[in-house]
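**Student:** With chain A held as given, fit chain B onto it using these hints.
Just so you know, the protein sequences line up as chains A and B, in that order. With this note's numbering as the guide, the letters of the first sequence map in order to residues 100 to 306. With this note's numbering as the guide, the letters of the second sequence map in order to residues 10 to 164.
It is worth saying that the hints were derived from the structure and are not from the lab. Please note that the accuracy of each hint is not assured.
Derived contacts from chain B toward chain A, CB cut-off under 7 Å, selection only [to be verified]:
| # | residue |
| --- | --- |
| 1 | LEU36 |
| 2 | SER133 |
| 3 | GLY135 |
| 4 | SER138 |
No farther apart than 27 Å at their CA atoms in a straight line, the calculated lysine-lysine pairs in the DSSO-like style are these [what the hints assert, rightly or not]:
| # | chain 1 | residue 1 | chain 2 | residue 2 |
| --- | --- | --- | --- | --- |
| 5 | A | LYS182 | B | LYS84 |
| 6 | B | LYS84 | B | LYS151 |
| 7 | A | LYS177 | A | LYS197 |
| 8 | A | LYS156 | A | LYS143 |
| 9 | A | LYS146 | A | LYS187 |
| 10 | A | LYS182 | A | LYS278 |
| 11 | A | LYS278 | B | LYS151 |
| 12 | A | LYS138 | B | LYS64 |
| 13 | A | LYS249 | B | LYS158 |
| 14 | A | LYS278 | B | LYS158 |
| 15 | B | LYS84 | B | LYS65 |
| 16 | A | LYS146 | B | LYS151 |
| 17 | B | LYS64 | B | LYS151 |
| 18 | B | LYS56 | B | LYS84 |
| 19 | B | LYS84 | A | LYS139 |
| 20 | A | LYS291 | A | LYS156 |
| 21 | A | LYS291 | A | LYS187 |
| 22 | B | LYS84 | B | LYS158 |
| 23 | B | LYS130 | A | LYS249 |
| 24 | A | LYS154 | B | LYS127 |
| 25 | B | LYS127 | A | LYS138 |
| 26 | B | LYS127 | B | LYS158 |
| 27 | A | LYS138 | B | LYS151 |
| 28 | B | LYS158 | A | LYS138 |
| 29 | B | LYS56 | A | LYS177 |
| 30 | A | LYS139 | A | LYS249 |
| 31 | A | LYS211 | A | LYS156 |
| 32 | A | LYS278 | B | LYS69 |
| 33 | A | LYS138 | B | LYS84 |
| 34 | B | LYS69 | B | LYS130 |
Ideal placement from N, C-alpha and C gives every residue a C-beta, glycine not left out.
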Amino acid sequence: MARRENPEINAGSMADIAFLLLIFFLVTTTMDVDSGISKKLSEKPPKDYVPPIIKEKNIFEVNINGNNELLVENEAMKLQDLKAAALKFIDNGGGEGKVENGVSTGPCTYCKGDKSPDSSDHPNKAIISVQTNRTTKYETYVQVQNELLKAYTELRNRLSMERYGMSFSALEDAYSNDKGNDELKSKVEDIKTAYPQIISDAEPTSN
Amino acid sequence: MSKFGKKKKGMPAVNTAALPDIVFMLLFFFMVTTTMRETELKIQTPKLPSATEIKKLERKSLVSTIYVGKAKTEKQGKGDKIQLNDKIATAEDVPAFILNERIQVSEVEIPFMTVSIKADKESSVGTISDIKLKLRDVNALKLSLSTQKGNDIKK
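Chain A extracted, bound-state conformation (with noise of 0.2 Å):
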C-alpha cells in the first residue's frame, strides 16, 4: 500500500448536491398544464338550411346583458341560482324523449325531477340556449358556461352513482387510464346519452 501524502476531498456529497439541483429543477420546471372548458361548435349550416322547430317548453334561455346581469326564462336571475334552475329544466322529464332513427327514448325514468308539463320533455330534448350581448364580459360569459356544466355533472355523477355505483367523474378517469376497456367504454357513453349537454351559443347582440 502506498502512502497517501495528500488525501483526495471527498466527493461522496457532490452527488447529493447535484441530486438536490436536478430535483429542483424537475419539480419547478412542470409546465402549466393547459386546461379549460371544453366547447364543441355546431358545424356550419348549409345556406338553405331551415332549423327545425323546436318547443318552447325545451329551451332554457339565458340570457347575458352587457351590464352581465342574468335573465333566465325571462326572469332576473342571480348566477349562483343559475345552477339549480338549470338542473331543474334538465331533470324535469315532462313527456317523452326524442326518436332516434326510429327507436323512442320514450320517458325519462332517471329523472327525479317534478315532470311539469311546462317544462322540458326529456334530458336529451333540453337545449340550453345562452344568448350573449357584444359587451358582455368574458368573465360572466365562462362562469355562466361553468355552472351549467356543473348542472349536467351533478346530474351525471348521480346516475352514474345509481347504475355503477361510482360518480361519473371517477368513472371518466378509470376510462381515460383504461382506454381499451370496452365495459367502461359503454358505461361512459350510456351516461352521456342519458344526460348529454346541449348548450348552443346564439350569437351575440349587437348592442
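**Tutor:** Using the frame of chain A, we list chain B on its own:
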C-alpha cells in the same frame, strides 16, 4: 487458493467520483429539454377566468392557442387584441392561422386538433364570438376556453 483469500480482505470502495458527472449530465439534459417554447406575448398577459368544470388538454402538439387580451401599448390602439403566433391579428386572420397549423400535423390527426382560446377576463364576448365564427368557417370545431382551476363562486 490465495487468489480467493485476497478478496476477503475487504471490498475496495467503488469509485463514486464520476457519479456527480452523471447526475450533472442528467441535470443539464433536463434543463435543456424543458425550455418552454413560450411565444412572446405582444398583448398584456391575459388574466384567465376561473372555472371548476375544466378538462385538461392532452396532446400539446395538437393544440393551437389564440390569445385575446388588452393591448400592451397605447400605440396598438384600444379594445381587445387577438394574437396568433407572435403577431397581433384580427379575427379575419384566424382561418389562415388554423390552416397553417393543420399543415404541421399528419392528416389523421386533424380531427383531434383543438383550439385553445386564452382570453382575458375583461375581454368582450363579441371578440370571442368573432373568432368562433371564423373557426366554424374552417371546420375547427374543438374548442377549449382556457381557464384557471378556480373555486366555487361566492354565495
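**Student:** None of the hints should be skipped; say for each whether it holds.
**Tutor:** Checked hints:
1. Because the beta carbon of LEU36 (chain B) sits about 5 Å from the nearest beta carbon in chain A, less than 7 Å, this interface hint is met.
2. Because the closest C-beta pair between SER133 (chain B) and chain A is about 5 Å apart, less than 7 Å, the hint holds.
3. The interface hint given for GLY135 (chain B) is met, as the beta carbon of that residue sits about 3 Å from the closest beta carbon of chain A, less than 7 Å.
4. Contact between SER138 (chain B) and chain A, as hinted, is supported at the beta carbon level, the nearest pair being about 5 Å apart and thus within 7 Å.
5. Taking the CA atoms of LYS182 (chain A) and LYS84 (chain B), the gap is about 43 Å. The hint is violated against a cut of 27 Å.
6. The hinted pair formed by LYS84 (chain B) and LYS151 (chain B) fails the criterion: a straight-line CA distance of about 34 Å is larger than 27 Å.
7. Restraint check for LYS177 (chain A) and LYS197 (chain A): the C-alpha separation of about 31 Å exceeds 27 Å, so the hint is violated.
8. For a cut-off of 27 Å, the pair hint linking LYS156 (chain A) to LYS143 (chain A) stands: about 26 Å separates their Cα positions.
9. The suggested pairing of LYS146 (chain A) with LYS187 (chain A) is violated, with an alpha-carbon distance near 36 Å, which exceeds 27 Å.
10. At most 27 Å may separate the alpha-carbon atoms for a hinted pair to count; LYS182 (chain A) and LYS278 (chain A) exceed this at roughly 31 Å.
11. Between LYS278 (chain A) and LYS151 (chain B) the CA atoms are separated by roughly 20 Å; this keeps the pair inside 27 Å, and the hint holds.
12. Proposed proximity of LYS138 (chain A) and LYS64 (chain B) is supported: the alpha carbons are some 10 Å apart, at most 27 Å.
13. This hinted pair checks out: LYS249 (chain A) and LYS158 (chain B) have alpha carbons roughly 14 Å apart, not beyond 27 Å.
14. A hinted pair counts as satisfied when its Cα atoms are at most 27 Å apart, and LYS278 (chain A) with LYS158 (chain B) qualifies at roughly 25 Å.
15. Under the criterion of a C-alpha separation no larger than 27 Å, the hint pairing LYS84 (chain B) with LYS65 (chain B) is inconsistent with the structure, at around 36 Å.
16. Note on LYS146 (chain A) and LYS151 (chain B): the hinted pairing holds, with a Cα-Cα distance of about 22 Å set against a maximum of 27 Å.
17. Restraint check: the Cα-Cα separation between LYS64 (chain B) and LYS151 (chain B) comes to about 13 Å, which is no more than 27 Å; the hinted pair holds.
18. Our distance criterion of 27 Å between C-alpha atoms is met by LYS56 (chain B) and LYS84 (chain B), whose separation comes to about 21 Å.
19. The suggested pairing of LYS84 (chain B) with LYS139 (chain A) is violated, with an alpha-carbon distance near 36 Å, which exceeds 27 Å.
20. Note on LYS291 (chain A) and LYS156 (chain A): the hinted pairing holds, with a Cα-Cα distance of about 22 Å set against a maximum of 27 Å.
21. For the hint pairing LYS291 (chain A) with LYS187 (chain A), the CA-to-CA distance comes to about 18 Å; that is within 27 Å, so the pair holds.
22. The straight-line distance between the Cα atoms of LYS84 (chain B) and LYS158 (chain B) is roughly 34 Å, outside the 27 Å bound, and the hint therefore fails.
23. A threshold of 27 Å between alpha carbons decides the hint, and for LYS130 (chain B) with LYS249 (chain A) the separation of about 20 Å falls inside it, so the pair holds.
24. Taken as a hint, the LYS154 (chain A) and LYS127 (chain B) pair is broken in the structure, with Cα atoms around 36 Å apart against an allowance of 27 Å.
25. Proposed proximity of LYS127 (chain B) and LYS138 (chain A) is supported: the alpha carbons are some 14 Å apart, at most 27 Å.
26. For the suggested pair LYS127 (chain B) and LYS158 (chain B), the alpha carbons sit about 14 Å apart, so the restraint of at most 27 Å is met.
27. Taking the CA atoms of LYS138 (chain A) and LYS151 (chain B), the gap is near 6 Å; set against the 27 Å cutoff, the hint holds.
28. Annotation: proposed proximity of LYS158 (chain B) to LYS138 (chain A) holds, straight-line Cα distance about 17 Å (limit 27 Å).
29. For the hint linking LYS56 (chain B) to LYS177 (chain A), the alpha-carbon distance of about 24 Å falls within 27 Å, and the restraint holds.
30. With a C-alpha separation of about 17 Å, the suggested pairing of LYS139 (chain A) with LYS249 (chain A) holds against the 27 Å cut-off.
31. Of the supplied pair hints, the one linking LYS211 (chain A) and LYS156 (chain A) holds, its CA atoms being roughly 18 Å apart against a limit of 27 Å.
32. Proposed proximity of LYS278 (chain A) and LYS69 (chain B) is supported: the alpha carbons are some 19 Å apart, at most 27 Å.
33. At roughly 34 Å between alpha-carbon atoms, LYS138 (chain A) and LYS84 (chain B) are farther apart than 27 Å, so this suggested pair is violated.
34. Between the alpha carbons of LYS69 (chain B) and LYS130 (chain B) the distance comes to roughly 23 Å, so the proposed pair stays at or under 27 Å and holds.
Violated hints, in rising order: 5, 6, 7, 9, 10, 15, 19, 22, 24, 33; the structure is consistent with all others.
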